[in-house]
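These protein sequences, in sequence, are chains A and B.
The first sequence lines up with residues 1 to 721 when you count with my numbering.
The second sequence lines up with residues 1 to 721 when you count with my numbering.
Keep in mind the hints are simulated off the structure, nothing from the lab.
Even for Gly, the Cβ is constructed at its ideal location relative to N, Cα and C.
Among these hints, one or two may not hold up.
[Said to hold, decoys possible] List of simulated lysine-lysine pairs, DSS-like, C-alpha gap at most 30 Å:
#, chain 1, residue 1, chain 2, residue 2
1, B, Lys462, A, Lys299
2, A, Lys462, A, Lys90
3, B, Lys171, A, Lys171
4, A, Lys171, B, Lys690
5, A, Lys531, B, Lys171
6, B, Lys531, B, Lys166
7, A, Lys299, B, Lys690
8, B, Lys299, A, Lys462
9, A, Lys171, B, Lys580
[Stated by the list, open to error] Interface residues of chain B toward chain A, partial, derived using beta-carbon atoms under 8 Å:
#, residue
10, Pro214
11, Gln301
12, Ala307
13, Thr679
[As the list claims (entries may be wrong)] Reference excerpt, derived from the structure (chain A facing chain B, CB under 7 Å, subset only):
#, residue
14, Gly222
15, Pro245
16, Gln301
17, Ala602
18, Gly606
Protein chains: 2
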Amino acid sequence: MRRAAAAVLVLALGAVGVLAGSARDPGAAGTLSCWPAGERAAYAAYEAALLGSPTRDKLLEWHQLLGAEPHIAGTPGDLRTIERIEKAFKDMGLEVERHTFWALLARPVGASLEILGPEPLRLDIREQALPQDPFASHPDQTAGWNAYSGSGEITAEIVYANYGAKADFEKLRELGVEVRGRIVLCRYGGNFRGYKVKFAQEAGAAGVVIFTDPSDSGYMKGITYPEGGYSNSTCIERGSINTLPYPGDPLTPGREATENAERLDAKEIALPRIPVQPVGWAAANEILQRMSGPGVPEKWQGGLPLAYRLTGGEGLRLRLRVEQERAIIPTSNVIGMLRGASEPGKMMVIGCHHDAWGCGASDPLAGTIALMEAARAFTDRARAGKRPARTVVFAAWGAEEFGIIGSTEWVERERRRLVKDAVAYINLDMASMGPDFNASTSPSLRRVVEEAAAGVPTARAKDGMTVFQAWSRRSEDPMLAGRPRFGELGGGSDHIGFVCHAGIASTSLGGGGSKGNSYHSTYDTLPWYWKVVGEDYEPALMVSRMTLAVSGRMASAPLLPLDPARYGLETRRQLIDITKRAAEAGVIAAPAMGREVAPELARLEGAALQFEAMARDVDRRLLAAVEAGAISGERLARVNALLIEADRAWLSEEGLPGRPWFKNLYAASDEDSGYAPWTLPLFRRAIEHKDRAALDAAEETYLGVFERLREIVTKIGAEVG
Amino acid sequence: MRRAAAAVLVLALGAVGVLAGSARDPGAAGTLSCWPAGERAAYAAYEAALLGSPTRDKLLEWHQLLGAEPHIAGTPGDLRTIERIEKAFKDMGLEVERHTFWALLARPVGASLEILGPEPLRLDIREQALPQDPFASHPDQTAGWNAYSGSGEITAEIVYANYGAKADFEKLRELGVEVRGRIVLCRYGGNFRGYKVKFAQEAGAAGVVIFTDPSDSGYMKGITYPEGGYSNSTCIERGSINTLPYPGDPLTPGREATENAERLDAKEIALPRIPVQPVGWAAANEILQRMSGPGVPEKWQGGLPLAYRLTGGEGLRLRLRVEQERAIIPTSNVIGMLRGASEPGKMMVIGCHHDAWGCGASDPLAGTIALMEAARAFTDRARAGKRPARTVVFAAWGAEEFGIIGSTEWVERERRRLVKDAVAYINLDMASMGPDFNASTSPSLRRVVEEAAAGVPTARAKDGMTVFQAWSRRSEDPMLAGRPRFGELGGGSDHIGFVCHAGIASTSLGGGGSKGNSYHSTYDTLPWYWKVVGEDYEPALMVSRMTLAVSGRMASAPLLPLDPARYGLETRRQLIDITKRAAEAGVIAAPAMGREVAPELARLEGAALQFEAMARDVDRRLLAAVEAGAISGERLARVNALLIEADRAWLSEEGLPGRPWFKNLYAASDEDSGYAPWTLPLFRRAIEHKDRAALDAAEETYLGVFERLREIVTKIGAEVG
């Protein structure tokens, strides 16, 4: 039935002629649509040279250089990593800035977890050493910890809270299970770990123990490390539990965390107060097998070999001790700049963080190595005399793991310039994890990503298959037959400052599909990566080339390859989903059969479709003019500025309700899990809060956005003539 | 989307007026529609007395009488059970026959299972004794065994085959995993256990070990026995592995297994040749944790705490020894008859088997106790002077567990009489397992089951809720809003002879929803039942009353409450499903959007709907005539005979292709799993064999059935005048 429904939609859209203009085959000739016909061959040769630059050996070299030791933000290993990147960027001939910021970080001091009782048992909070992987036992590796845990020692009974999601705590309340004063035992997955702690603390819990369940990432998925790639019984997921309503330094929201910046009082901000400890499932099994309370609701059972229970019972108590230090600690972004040949004021930014919870072979280095190879390709070409038209910025971000700090501080410092001059941002966090390409992308960037994908071979390609072909075969867009499905951008990595704070068209590129998990553990090492992702670096080659193809076009195309028309289609797609969710939540009535967008949202649907039709028409005329060389110079510069402005039409100075740092009305992270992208967040929030008035107000606001978009596109149309 | 699709269908049917006649509210007055208005009060009083008869204490007493010891068919415990039932029936005043038959049964002689290697390990093939449950350690309990296993000793490497389904063995072939000469380790679930062995043997396996996986019935479902109700680590599912294409005695298909019957040669029939052993998951865990081969496909992982592997590797060998004796052994059905007051030649049959794999508190006694209470209620009323109009037969079947033998032998003996005179069959196997009522029912019996359900309180009823209300709330029929969803009848219990061999309208009544599993294990005991299902016997009271309400009406209503019109609606429902499956299998093209029945099946759809409209019209006139007392005597007797004949319109003397014993063209068990009901089996088989010509031929055959049905209903109409 879903396939049929999608077919209906395509027919409906087809009937109003909306899709016709964007349904070109990106695999056909002429994908360099933003160049005059006479300049295409030269750019194609340049692009071929860019794409020919990355090699398996250089990727391996970067990986070995940056993955040799643990480098948690603010540690000596972090500083050495910063110096290594700085030197590499300088060696390439980039203009390099080490952008240092002073953020409130956390450091583990000590921790322990014991089961009390007749035979007390101290539980392991470190991974097992493996002879096959010396990196995992590097002396700078840490015990398991969650950054920003409260400090203290508690002894308490246990309550199991499944994934620790909002709904899980509601279920416990409904079942009459007391959380107050107890230690919440919950498993990783389902939401951002910080929310597990937030909800537990709000429910009065004394502490939290979070474990990796074998059904989520362990033996139930496949053979475990070191024989296979999945989490073994001691594997621990580290990670920040900061859920402040803004990313970046906890003490300087909205402004740069310089050494002497004005700061909030660290006691006043909502960081966790209770102790929190992550463990592997061997430790969790010791706890769970001693629990004696009632069985759990159906979906709460995990993969350990026992029936999970809601409570431990009176006879079972845990002693949890966590000591952490919070301090303002300097660390740095490394920013390498390749100045543009003809429009140096405009910036294409490519970024990936460099800090990790251990050696970080996957997180972040599977992306960082692609960043380094992209920088090397551009600078090699520059040395050979060919620079991009616009400035390309290569950013290795610091302290991402603590709360996306480095990139946020840089965006906060540069916001005015970025809003005006940034053409796009590409994020590469953990980008090369497997051969299956994916991209979460702002609507306006989707066309250039598709067109680039049509010219890049897929990883381990057989029969010359392109990324576009493999990607769309694997996940077709239900609304656009034959074309790939994009992800939506939410929170979770360094694109957030660019998209959500500055309104910049962004994309997160990546490859997945390998079988394993070492996420945030001491096993996130080169031997793990070689075993699970492979030693051929084919995924990293694919991602490096995709990065070069997209950023190269964004940096050099005479007409900026931004496609504002796509906001119309994507808004309609979102309204279908919003209708479904709003009806499920009871905020609106379910629409009549065959109607995918509720009548309550019909005005906005109309505005979005009308905008798309009009923008697609202007786009056709614009591309024809560019192809013919009929538009250039100042007129083209004005068009390009308007194209940038179209993405900024979604910005709101006051920001989202309760989260003023989030200024983009199109894309945000969600409020209650930190996991799901909230596209058209004003609607999502109205549904979450079951607030019909807010839903209606949101429609008015978004009608205003489309009004601005129409004005901008009208101006572009006027320039085309 | 599914809800919407159902709505469309109802509208479509509504538009041709088909449903109008059957959409009455069975909760309203007048559900005694098969009586003249003037006789309804008297019957209602009689029914109230019947329903008031069953008590918790008597149910408990039957349960203790019959569940005190293991009683496997053919053993001394079985004989004692037969004698107990015989005495009880006689005490009630029934005419009793001990119907003895001589069938090829199997007896366990010895078995062992060892892991070979540097440290050989003998694996447990018996359940652990539990101080809480002395019944489980009764000296007559057996080790785990699968009846009709081959005998022999083998030593071989291991291959894991998931559920041992047809698709699983195909997957192994596709992956290039060798099965020949190896021991297949597979888990219970997904198909009838006999097919696991059949497919393994066909693939050349040397033997089979079948285990209960904790994800299917153990700790992943809930707390295990004895603390909770789910299978503990030693719990073993016994059971027959006979997959002969007919139920009943393996040596006398189609005829009664009398002592001197003509028999097939036991060496010539397709019973298993290789040794087969069932085990609990503690034993399976010992094997699986020593396996070293490649990981399994995604859905093959079970709930044991390790990554499942396809092969054990060369270093790991099992030694399996099974010794069983196959012999022709007598055992008996116990048939109690209450002769009808005015139509003694017509029979209403109620049955449940009495044999078990152990004490059988659930299987079969959760049904047998309801059979006993139903018999007691009827005979109590008879002693008080009120007998049903038609004869009621209470049948406690023997040797069901070996292959539905006792009931089949009786049906084979009585077939001619049953075809002519049986008004319906109610099966009660394991009927009282929980408070949630369900019924798998022939179309023609659905109306009377619904109407009966409207007058019976649901188990543990609050606010006087009826079975009808609770049942339809829990599972609404997607095609009939506000009315409950019926199951389809396939194989698997003693109704099969009545439905599939004799074409008798049948229903299997039951209640479920309890949390636990002791199926075919030594833990299927009274303590288990009391802990898991409860000591209040509310589910058994509900099922006893439903049995009385349905059978009482079938036995006494002047107009037989059979509703042939429903075959029209149900045929159309099946054609929707057949369209989907045939399109998925590529036998026909997917129909155009919005079309639920393929054009290839449109003639039959039309015939079914036309029949329904016509039969519903006759039904309306008939009910009105009965209500007014305008039809009675010979004319009514002719109508009743025609109503019986309508169910027999589905019979085919030659039977199904390759399975001549199966003579009902409406309902059969499937060919390849023994699990799924095959409704309209000629179509199901054509799809399974991807045989388009057979599909077309099936439509012709079914058009013929509807032609016969139309003739019968036309004759009824003529009687009504």
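**Prompt:** Looking back at the numbered hints, which does the structure fail to meet, lowest number first?
**Reply:** Violated: hints 2, 3, 4, 6, 7, 9, 13, 15, 17, 18.
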